[in-house]
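Asks: Please build the complete structure, drawing on both the sequences and the hints.
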Amino acid sequence: MLVCTFSLGELYLGIDIVLVREINQSLGYTSVPGAPDHIRGMLNIRGSVITMFNLKQRLNMVKYEQNNVQDNSESIDGEDDGKSQENKKQQQFNIILRTKSEVTRINRSIAQEDCSWDDPVGLVVDRLGDVQKIDDHAIQVAPANLQGISSVFVRGVVEMDNKLLLILNVGSIFNENDES
Amino acid sequence: MSEEDDALIAMFIQESNEHLETIEPDLLILEEKGKDTDPAIINRMFRGVHTIKGTSGFFGLSNISNLSHTMENLLGKIRENVIIPTSEITDSLLAGMDKLTQMIGDVPNSESIDASAEKAVINALLEGGGGGEAKAKVKEEETQAEEEEANADEEEAHTEEEEKGVAVSQSGETQLAKVETTPQFPILENYPDEVSDAVHAGKHLFVIDVKLTGSNPQRQNTFKQFEQLIGPVGTLIATNPEINDDLNFLSCKDDILQILVSTVLELDLVCSLTELTDKNVRQVIIPKGFVKKKEVEKPDTAIEEAEDEDSEDESRPSKRKLRLLNEKLSSQANAPTGGAIAVPEKSTAKQPVVEETLRVSVSLLDELINMAGELVLIRNQLSRTVSTTTSNDPQAPLIQSLDSITSRIQAKVMHARMQQINVVFSKFPRVVRDLANKMKKKITLELRGGEVELDKSVIQHLGDPLTHMIRNVVDHAIELPEIRKAAGKPINGQVQLAAYHENGMVNIAMIDDGAGIDAEKIKAKAIEKGLITTKQSENMGEEDALALIFAPGFSMAKQVSDVSGRGVGMDVVRTNIEKLRGSVQITSKVGAGTNITLKLPLTLAIIPAMIISVRNHRFAIPEVGLVKIVRVVETELEDQIQMVYNAPVLRMQDMLLPLVDLADVLEMHVTWPDNSEKTERRARWLNRQIKKTKDSDEKTSADKDRRAKKNKVIYIMVINIGGNKFGIVVDNVLDSEEIVVKPLPSYFQGNVCFSATTILGDGSVALIIDYAGIMEKAKINFGNIEQSELAKRQGEMRSPLHEKQNIIILETGSGLRMGILTRMVRRVEKIRRKDIDLINDNHYVRYTDKTYRIILPGQVLGLEFDNSLEEIADDENKELCMVISNIPGLQAGLVFAKIVDTMDTYIDLDQQAIQAPGLYGSARLDEHVVLFPNISELFNMVEITAPPPESIWDGAGLKALVVDDTLFSRLMTSSYLKQADFEVTQAKDGETALELLKAEEFDLMVSDLNMPGMSGFDLVKETRETHNSEIPIIATTLFSSKALEFRCGQAGMVGCVPIMDKVRLMNIVESLKRQ
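Protein chains in written order, with numbering that gives the first Met the number 0: chain F, 0 to 179; chain W, 0 to 1074.
Derived from the structure by calculation, the hints contain no laboratory data. Do not take every clue at face value.
As the list claims (entries may be wrong) - Covered, in the sense of this in silico footprint (three residues per stretch, anywhere, with C-beta under 8 Å from a C-beta of chain F), are these stretches of chain W:
| # | region |
| --- | --- |
| 1 | 365-372 |
| 2 | 524-530 |
| 3 | 764-772 |
The beta carbon of each residue, even a glycine, is placed where N, CA and C say it ideally should be.
Replies: The following block contains the structure:
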């Protein structure tokens, strides 16, 4: 399968490219008062409202690498327009995912297995990687705890060029019941 | 067919449809009124039919023209009173009209539509003069016509079969074989989706045996007729034997075609509709557990589903098959069958373009809306770049045109989704008529508000629930004529279906004057069904009890109809309406009728909204329900906003408006440590704001220029929701925009404060505020406010002390409580005993670079206890409270052990019980006796005086009149003037004051403005009529404002000061003296 890879701090992650609709640079998010921390806010992509998940928060990585990276959450509406931080730190990327019905049109089985979300959603990640072709057999079962990430979120791992690529279990990320 | 003809035919279709639209209701009137029908109505029908006849003749559409001719004849006879209209006659005319509608809807193929049956019925009536023999004749003619057709069809069938060759017969054989081996039809497992859908929509499944005779084309015809019959009320799911694309009906066993149908109608209704006996119609029992538990659909997905209906259809093989079947049938019908005119071949048999019939898929419209939205954003960005470059840009006009066109495109595209509710309503008169006839009831249906527009997706989902409701009304609510007569009601049951806008929702009310629903019986039934316990039912209000009929388990009960009530499928109504984010309300009165109101949102519609900001976050507030916006300058906040039961309220006209700070409700700043503090939050917010104001006041009085800039304002959005008004406090109102409502992502649906999202002009997403949610979250209790209003009014009756005072209650070391008006306090500070120094028998404390003289109230008042510091604080580290008065220049404070409370309350001051110098009096508050010391007098008693000696306010030998209904402030004002050696006379109201003014001469009058009976302004006016007309008058008021000061000036007063503001009062007195 083809995997869209990206990094989150030191972590090298990937998701099935069938699930990805598009990728763009960080724009202004509209934060939602009272929403959980891992929801960064909402984004308008050509007229549809996308709920953006802060992947780092969702994977509970913030505690893990608190010292290394400072989350540059900013909101266009917020008092802090983030410009000062923009200079310090490179901009993050939005990976906008396809909705279940969109995936269904491409691959019904993937839609049933991996797509648990009906609303348009997206992930906020630090850096983008290449698209990698991965042999299904190369995917190994993930150990119980990987660098502080709960195995609930990981579908499997692949060894690539001395790096460990974590294939995300995207469904569990948007399933609010799956706690890290 | 030439283009010109096309255009002409299009006009004909449009015109004919208009006529037909008026004919149907007219026919219903004809039926109702019979021979008493207004001749104008009959004439109108006659003209309509006549026009259709004439025009269709002109185009050579002989089939239409023949039928309309026949109808015209009958109408003509009715017009001439030769035939008296009976229901039989209207039936026949309605049938004819239906046929006409069908033919006109499909002009190119109209020649092939069979209207002989309708014609025969009407002709029979014409000949029989409406007599009883008509029926027999009809039958005869019908069979005759059938036979004739059969002959023609057989010929046709021959040629067809020849064309198709052996293939047909072969497929026929295989199917025959299949039928024999097939077990009992239907096998529900083959159609899980359809069955589930039907069950969820509260439909029943029936197998209907349709007898097919004659040749294949004839059978096709019968099948098609059946399909037309059942089409409007149900769905064909499958047939047995399965009919393939070749439309071969010859394989039916015993010439019976079994058809599986889902419909909301019940067995008896299906029978009467199809005119079959219940032998031929069998209800299919759906085994329990067969239907998959469907997840509760989210409203937006429900809508999406509707939009994707087309694509979804493709995925359902059986449905598709049936559709193909129908297409095939109609295309076959297209084939020339021979007739008066040469019907063009199938390929060219295009329907002339009629605007109304243009179909565009909803998803396409949605895409267009999205793109139009994007266009607007681009336009906005473009116009921004242009305007920033130069003001005289040559491109400016271009941008302007782009601007206007973009707006228009957006508006039009949006509008394209809206449909009039008439689309749904218009079918009901007929449904009601047919059902009522079958049940032998007399019902008048009144439709109102058909022009109300709703989003197409909402309209689409309204049909089923409304049909349910209508059917229930006819079936259960409206009594039989005899019963109605016995009950003294008009024989005709009245059913009203009305749509109207309210609070940003569209309400659809169905009101009947039928039997009504007995809440007690409903309860009993619900207990029997185990839905509620006996105990629950005892505490259950009528409204809640009635709502039980929407409970899922309830409506499933077979015997519901004997509970005097509705019920069958009502849960489906509610489920459907809730899917549309609407709600259902029901009220009923036994014997008088029922009112069911559906409240539907304009979801996906465009709504006008105000864009507001709170803490720099933008939100949209729907303009519906927004009464007005109040702008409050922060410096005036204190005067306009009061606290009632710890909740800030805005005094607006005659009412108190509860306020909600949006930032607070949304928890947009510091999270509060404990939930229990929530109730206090609003109070704190106000205090915070007031404190801010005070701080800025102090600052700005020093620097007046800066004050103008710092005059921050807040806005209060006054909302009216269901008659309850409240105010939402926001930081800023930015814009008024027409916004497109987009569904709230499911991740935020737990948050009641938001109803949806929208995209703002600059492309960012904003949340739409849900009033009801805000109210719920903020726990606004309108009852409390009302109570306090009531208490206030009662208080006014009881004593003139109707103005609330904010007081601080403090406790001395021995637990004695004292109350001090907040207005007299600059601030309260915490000090320690060890910070207090004793110099010359006087206590001093250093605090923020200043030395304050402190006194113990107990000591000064000469109490036996509380007269030493040690008694107040046994430990020298213990914190004490120092109350610093706001007498200017006075560096002195009173020391107490602690603050007990602050409260807004009415002080019922008792001057008799406890009397002492330096004490106003006492009052009972919260079961405690509270002493009210006169702070300035206390300080005077220990010879602490402010630097500017009072001597300059020398009122010696002058007489002052103090008018105030509030004892407290009257005493205060008097004491100020007394200190300046005025001889003070007090009056408790305007009337008393006027008496005094008439009797004596005064040099000064200080009057409260707000008094019961004669107000301050009235008093001033009256004063001018006395010999004291030249007296200078100073107004005192609880809420001072620029406007009020101005009004006072206009009324001829020399000044207007806040109550108990000694300095300002005395300054005015001083300036008077100098003059």
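Asks: Evaluate each hint against the coordinates.
Replies: Status of the hints after comparison with the structure:
1. 365-372: n = 4 at 8 Å, threshold three: holds.
2. 524-530: With 0 residues close enough to chain F, the hint is violated.
3. 764-772: holds (count 3)
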